[in-house]
Amino acid sequence: MQNKLTQSAAKLLFAVAVLAGCQSRDSSFKGTELPEREFKDFTLTDQNGQRFTLGEQEGKVTLMFFGFTYCPDVCPLTLSTWKKVRESLTEDEAQKVEFVYITVDPERDTPEKLKAHLAVFHPDFIGLTGTQEELQPVYAGYGVYREKDQISDSATGYLVNHTASIYLLDRNGIWKLKHSNDARPEDIVHDIRLLLKY
Amino acid sequence: MRLTPMFRKVGLLALLTSLFCQIQACQKADDTPKIEIENIWSRPVQIENEDGRVMKSNGVVYLKIVNDGEAPDRLMSITSIVCDVVELHETKMNDDRMMMQKVDGGLDIPAGETVEFKPGGYHVMLIRLKRSLVPGDRFALQLVFERTGTIKVDSEVGQP
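Residue numbers (this note's numbering), protein chains in the order written: chain A, 1 to 198; chain B, 1001 to 1160.
In case anyone wonders, no lab produced these hints; they're calculated from the structure. As the structure is a prediction and not an experimental result, all values here were calculated from the model. Check each hint, because a few of them may be wrong.
Here chain B is said to cover these stretches of chain A; the calculated rule only asks that three of the stretch's residues, wherever they fall, bring their Cβ under 8 angstroms from a Cβ of chain B [said to hold, decoys possible]: (1) 78-86; (2) 116-125; (3) 146-159; (4) 162-175.
Each residue gets a CB set at the ideal place from its N, CA and C atoms; glycine is no exception.
For reference, chain B alone in the conformation it holds in the complex (with noise of 0.2 angstroms):
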């Protein structure tokens, strides 16, 4: 059977949508950022006194965050049942003298790039433990991104 012209006409104008409906879905798969949380950590810290009452204490996650998308994101807040609040904070020296800064309105994860928490630089601040923290111990934490939502990881409490 011959295909006559305009048969020829319309099925290539429908080949032609196609693969444009597939580039135009592979760039938008590829405009997004790819967030993974790694080397996450913590110090052991005791909260109770002798006689077993609690006391105000805090303790700190260090992670990498690791967006490996072709866009950026934003940490916008952290949130964990082991304490009462969660914040950022960065430790800056200015020569010998250290000061901690809050971290507001989130903070930048570039497409591409690693933000790493570490001592003496950016650090996630656990304040008003709800319990002590021994080595070995583990404890979930929920990060929430602008665009990527919420990510929930464990964090385990290692060495003093």
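In isolation and in its complexed conformation, chain A is listed as follows (with noise of 0.2 angstroms):
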């Protein structure tokens, strides 16, 4: 008797020890994990002139990256890379989603230019500037490098060095994770799903 007991027990462990070894496998984040810092909040101007502040998102996982709409490479890059993402969720889990893109050039990157700009990946995606006095704090409050270059002989006039991760920000509006301009998009889809769970 005490034997069966002994055997039945050691089985339930092996069990447990196997469940949560698959657990831990599936819970462990693609992008790299950013340290713990406290939840900044923020107020921008959106693509339709509306206001928007992070602290009012109701709950949802936020994608996040830093461009400019002068750049036809990497931000487009990422802007294809994030339409891929959107179009991999489930309809329940967009609605706990957002794409926010905070332009580095708000010069030349008006309200309409985003709109323009945005509406050719997916609507749902938000574009946002402001005045320097507004953008500036929301750049070194999250360590965002951004450096415009001026450049004598080209017909751009000049361009913005910038911070290119991608960052996902958990539903308490805490950045978490960041994953590189060209991520795979199974990849960061993974990890809003894991994001979605807390």
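Fit chain to chain and form the complex, with the hints in mind.
The structure is reproduced here in structure tokens:
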């Protein structure tokens, strides 16, 4: 009798260990986890001229990227990745996720410019701009590098060098993860689904 | 009829001269670049606002330049009627910081190699588009090479 109990207990422990192992593999993020930081709120202007406040986003997971519409390469690549991510989510999941593109070039990226630019990719994407006074604390608060590069012999006039990571904020608006700008869409979807569970 | 020794010598000289010229011609024919342009594509861009007003907007072209020849060439410039100005740029990443640099003085295309323009690297920047680019659209580009001259291609606008 005692032997049978011992065997059953051993089997149960083994099963629990296997399940725990499986779960820990599934619950590991694909992106790079960021050091813990406190919530930083901000208010900027979206592509429809409406005010957007991060703290009012009703418990959504947020993808965030800092780019500019004059950029023809990395920034559209990121938006293309976001489109694939958005299309991979179920409608129920998509209701709890938002895609926020913040300009590093407020001089040229007006709300109407952002609207036309993002419309090509997905109507759900949010583009934010503002005054320098509104944007500087956001760049500084989140450690985002941004530098205007005047190019005298270029028809562009200037370009903007900037941090090009894709950030994921949890449902409390806390920065949790980052992915590179050329991350695989399925890896970002994986991390979104984990963040939706918390 | 028997050939005189003199005749035989002249004939041999003519044959050798002919052979020498053939070899020279072959060598000269190999000493050139052989450029092909492949996989040319663009991203869609909307340049008009809701009222139809055109806003300054840029586009991009990616492609592959294949040099199957025995000599290098240099891409000097690109033009297109789809925009005001075309420039060559290169994206460089430093950790997670992105920088774009204009490529000046042309771009070397070594013999026997392929130079690829792709996201995150070299790209053709279409500055101040004159019209929106929509998926399925095609537009012409002219690539000017130092030795090969002008090659005309079409770029296809893909999905966003």
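Item to check | Hint check, failures only | outcome: Failing hints: none at all.
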